[in-house]
Amino acid sequence: MASLTSQQREQAIGRLNTGPHAQVIVNAFNCSVRTIERLRIRYNTTNSTDDRPRCDRPRITTPISCSNICMTDSPQRHRQLVRPLATISNPHPLAALAVEDPRVSR
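Under the numbering used here, read the sequence shown as residues -16 to 89, first letter to last.
Calculated directly from the structure, the hints in this document are not laboratory data. Note that CB positions come from ideal geometry on N, CA and C, so glycine has one too. Among the clues, some could well be false.
What the hints assert, rightly or not - Taking CB as the label site, the calculated pair distances span: (1) 4 <-> 39: 34 to 40 Å; (2) 3 <-> 45: 23 to 29 Å; (3) 27 <-> 7: 15 to 21 Å; (4) 45 <-> 11: 40 to 46 Å; (5) 0 <-> 36: 36 to 42 Å; (6) 39 <-> 16: 28 to 34 Å; (7) 7 <-> 47: 47 to 53 Å.
With the hints as extra help, turn the sequences into a complete structure.
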């Protein structure tokens, strides 16, 4: 079940004030009875159907640095370059780099 939009919350409060049971409203909006009860309690205490206040703490990382963090968390971060392509005497065309996995013991 998705959360109610602000317009749906306003409609639900309007219906609650006109008199039908909460179960009728629950069926109309496809939500739980507890959602409607919490909405009723919040409207009675704050006289508003707005969302609860959230912590608007700014992000520390930028999207670019976040993608770098995700890249360094990949399994490929442990692979180290052993020799550049010029020193490899492998005639195979797909052999671009020789890499060694430091996690493997010799």
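Range agreement (Cβ of residue 16 with Cβ of residue 39, hint 28 to 34 Å)
31 Å, holds
36 to 42 Å was suggested as the range; check whether the CB atoms of residue 0 and residue 36 agree with it.
25 Å, violated
Does the Cβ pair residue 27, residue 7 satisfy 15 to 21 Å?
For residue 7 against residue 27, whose Cβ atoms are near 19 Å apart, the range 15 to 21 Å holds.
Range first: 34 to 40 Å. Now tell me if the beta carbons of residue 4 and residue 39 are that far apart.
Check passed, 37 Å falls within 34 to 40 Å.
Falls inside 47 to 53 Å, the C-beta gap from residue 7 to residue 47?
50 Å, holds
For residue 45 and residue 11, compare the CB-CB distance with the range 40 to 46 Å and indicate the outcome.
Holds - the Cβ-Cβ distance for residue 45 and residue 11, about 43 Å, lies within 40 to 46 Å.
Hint says 23 to 29 Å; check whether the CB-CB distance for residue 3 and residue 45 agrees.
49 Å, violated
When the structure is compared with the earlier hints, violations turn up for hints 2, 5 and for no others.
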